[in-house]
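Number of protein chains: 2
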Amino acid sequence: MSNAEASLEHLFRVFTMPEHKDSTLSRIEQHLSDNLSDFLSRHVVAKKTSLESIEKDFSTASLPQRPEFVSEFADQLLDKLVAHSVNTYAPTFIGHMTSALPYFHLSLAKLLVGLNQNLVKIETSKAFTPLERQVLGMMHNLVYGKSDAFYEQYLHSANHSLGAFCSGGTIANMTALWVARNKCLGPKPGFAGVTKAGLASAYRAYGINELGIVSSKRGHYSLAKAADLLGMGRNNLHTLNHNEQTLDPDAVRTFAKQYAAQGNQLLAIVGVAGTTETGHIDPLDELADVAEELGCWFHVDAAWGGATLFSDTHRAKLKGIERADSVTLDAHKQMYVPMGAGMALFKDPKHSSAVRHHAQYILREGSKDLGATTLEGSRNGMAMMVYSSLHVLGKSGYELLIDQSIDKAQHFAQMITAHCEFELVTEPTLSLLTYRLVPQDVQKALLADISDADKTMLNEQINALTKAIQKQQREAGKSFVSRTRLSVQAYGHDCLTVFRVVIANPLTTQAHLSSILTEQTEIAAILPEYTAVCKTAEKLIKKCSISTEQATLQAHL
Amino acid sequence: MSNAEASLEHLFRVFTMPEHKDSTLSRIEQHLSDNLSDFLSRHVVAKKTSLESIEKDFSTASLPQRPEFVSEFADQLLDKLVAHSVNTYAPTFIGHMTSALPYFHLSLAKLLVGLNQNLVKIETSKAFTPLERQVLGMMHNLVYGKSDAFYEQYLHSANHSLGAFCSGGTIANMTALWVARNKCLGPKPGFAGVTKAGLASAYRAYGINELGIVSSKRGHYSLAKAADLLGMGRNNLHTLNHNEQTLDPDAVRTFAKQYAAQGNQLLAIVGVAGTTETGHIDPLDELADVAEELGCWFHVDAAWGGATLFSDTHRAKLKGIERADSVTLDAHKQMYVPMGAGMALFKDPKHSSAVRHHAQYILREGSKDLGATTLEGSRNGMAMMVYSSLHVLGKSGYELLIDQSIDKAQHFAQMITAHCEFELVTEPTLSLLTYRLVPQDVQKALLADISDADKTMLNEQINALTKAIQKQQREAGKSFVSRTRLSVQAYGHDCLTVFRVVIANPLTTQAHLSSILTEQTEIAAILPEYTAVCKTAEKLIKKCSISTEQATLQAHL
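Protein sequence lines, in the order shown, are assigned to chains A and Y.
Sequential numbering of the first sequence, starting at 46, is according to the numbering used here.
Sequential numbering of the second sequence, starting at 46, is according to the numbering used here.
Pulled out of the complex, with its shape left as it was, chain A reads as follows (with noise of 0.2 Å):
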């Protein structure tokens, strides 16, 4: 057999031949199947590793010429990649907002591999395309709840979308703030609409000088981007009270007079339901008021927290998003579906065409091709993943996950706020909440009446400390908690670095909670940085008291 005519053959058989049941990848994947966290905790190595040294796995550039057989190409994967990923399953993973999966995720995986449909196109998805409508349609009817009528209405219809099916909260934003920038500098006599104008155009044809967002300074930072993207400029995207954890309607309302008497409009107010640094929810009902009254467009960034909806208890927390023109919503946050899965819903089902856009070849007109009105071109059917989910798991399932996530956070909150050596930053509003360790004499020393610049000089070391334990944590590999800034009133708005904590992960316990805290106070008390504001402390405790001792002496002589 000649070279080429080899090479032929091990493509076919890549083609057309499953792996052998003993084959590497095969056993990968009875592994993953039998047992994932097994799979894990045994190939996810837990030790530090240096960036710089995975990297060297990684290090050129040059492009295999010969093909590898998959078996030989697998165990390379195990060593390299699975090795040295990180184990997003463990309970202990409770840093950012991936988590386990549910186990039938696995096979769907596979079957949309398998199925390999693509949702632009009707002609290359057919009943993907009914699916991911029916899927828009159901979280729609869980932020807006709308009548059967309303749903028979527009769920199937061509020329109307519920929503935008999407890889993440970022398009999704994006998604709906394109939107209404284009309803707002839509045609009218005498300009053809920003769309097919443009934005400098647009603004001279309304008499517009800057057109802007408003949002809480813990807003995604996606919506900076969004401001970049859609040409309005990311100063234009005006964050207000920089001193508070959520937006104040009248800060809004104030600003908002300012800004039109500059000659300015507001295109959008954004309320955050569940800030990813701090899972705070805006007062989206006040707002929503706000945007009436000025006529603009109320966008609601439910990414993380939209799923607080399926709960009974907790969903008034989120008063006023069926309100909103439009919503974000992630299914793989607290939605426990694969990475990939985002979305931007519409209150009126209208609304999408001012986007929508044809092509000879696909999305002609009237077609129900769902690439009419997305951002994202070709799309897989990750659609599956979140109608799998809402069956398998039900509107009280999610309620339970939901109920129990904040259960539990509201629980780590008391262990912090208990234990001697921690201090709670931000309550949790949802399920995040940010905490740092602070050593009890340091404890004494900020309660002290040591002067403002002392408590900086303090807080600026145990930034440092906090940032040193994260990281140790980190690498150690048992456990993860992420670290973020946050500006923080009661000490007179000093930046904090932080512990952050997302707790979504339905297998994490109270003993794991437990766990991640002695683990940190076990760090810390080996790092030279709990030593020096150790010290710090003690010595600003020992001037403290000196001058206390002195103004006792003055007063009595």
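Keep in mind the hints are simulated off the structure, nothing from the lab.
Treat the hints with care, since some could be wrong.
[As the list claims (entries may be wrong)] Calculated from the model, a selection of chain Y residues having no Cβ within reach of chain A, i.e. all distances over 10 Å: (1) 233; (2) 358; (3) 364; (4) 393; (5) 519; (6) 576; (7) 588; (8) 597; (9) 598.
[What the hints assert, rightly or not] Partner residues are not named here, just some residues of chain Y that face chain A (Cβ under 7 Å, in silico): (10) 75; (11) 109; (12) 129; (13) 331.
No residue lacks a Cβ here, since even glycine has one placed at the ideal position from N, Cα and C.
Go by the hints and put chain Y onto chain A.
For chain Y alone, coordinates are given in the frame of chain A:
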């Protein structure tokens, strides 16, 4: 056990217990693994099912209340979803760019979900970040072929990136043009740059009336979407040479001069390397010359054709691509990776800094988080699929696949030309071609000395026939070709409806191609549109021969 406890147990099982080996879902999985082709041909019902009837299965927007057992649910999934999906694996499905995939992707899909990494940041992806950077490096190398030293310097550099991985070509095109726009209208003394200040201010600062993009009329519809999204307006995407298949560099030169004279600025020339409709490739090298002369950005949309670079035989067709400032590639097209693997590559690793952004809790300055320069936020680890394919198929495997596809397309073109009832409309440049069925008598009429109006009338009837055949063939479910509309020079630029064929599936044989033609002639034979166009042709020929006879008679008199 109470209801709540039962629900809790169900939930816990869903997250921790694999499906039983005899469960429906396990059986689906096993079947997929053992014989994907058989699974699809058994479960995908190859019969006419109207979209409306499929929609009935997905008609309610009510949320499922109670949890369902996975196996009961899986049965429904087979009946409602899989049954009415499109068999993209089938070798007779040659209408779009989705095709059979190598088997190992089924297992990898499961691994991907099992690991569920989020590539926006290293903290949730670790080894996947260097892996994705390596994949971008390899593809960059394929396109630009820079030195080893270059890749050593930039592959893992925190402040540089060789490209952005994304969900598909649309996002890749948007990313590239976003970078181009932000570079073009960057900061300068007295101006903060478009990123911060927005487009309207940028036009004022740079004294620009409009900012435009030039492409051929065959440019992908995502270019218009990008012009809209980025605030330039769809009218500022200028498609030149409406009567030709590719973009004429001289026409661009002429246009750019006029455009500048009107106070406008040309942002970018977009060359297409493999148009989605016909596979044509713009003269990239000459367009690069023009871009250089004009000092504007040169982007190449090689979403479809980029993989041609693997072939030493055919890569010269893309000569000049290595001069592009940015290039779009889709691995889910001719690289046989599942849906969701697009890339925007940048010649200069500093360019992506034009869209760099940071956040407090991730993407910190100096970090290697991939999310700092991507349009999307959270993303899954699809780069692993590209990485694996590059290893298992190798450069030589891809070369063989590309060569074979082009060979097959050329053979198919010969088959069409040789067939008495078919007309080849566009020759295959790569592996795309268009054609139509024209009954023999109709061919005669078109060749006869009939008026242009009569030709147009005939073409309109053939259009109706083409549309009817395509729909019937699609609905019959055995095979699938797509259709599009093209203005064709040979017919005075009449807009013709044509069959569009994409030969990419390695499993497609000449016998399959032949059977598709046979099926089309069989479908056509009994269509009223066939009879109608034949009758018209007959009349026209009669009229024509009468006038010829009259002319001959008059000549004799």
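Taking the hints in turn, this is what the structure says about them:
1. 233: Fine: 15 Å to the nearest Cβ keeps residue 233 of chain Y off the interface.
2. 358: holds, 13 Å
3. 364: holds, 19 Å
4. 393: Non-interface label on residue 393 of chain Y holds, nearest chain A Cβ at 15 Å vs cutoff 10 Å.
5. 519: violated, 7 Å
6. 576: holds, 26 Å
7. 588: holds, 33 Å
8. 597: Given a closest Cβ separation of 44 Å, the condition holds.
9. 598: Check passes; 46 Å lies beyond 10 Å.
10. 75: Hint on residue 75 of chain Y: violated, closest Cβ of chain A at ~10 Å, above 7 Å.
11. 109: This hint holds: residue 109 of chain Y lies near chain A, its Cβ roughly 5 Å from the closest one there, short of 7 Å.
12. 129: With a closest approach of 4 Å, the residue 129 of chain Y hint holds.
13. 331: With Cβ-Cβ at 26 Å, over 7 Å, it is violated.
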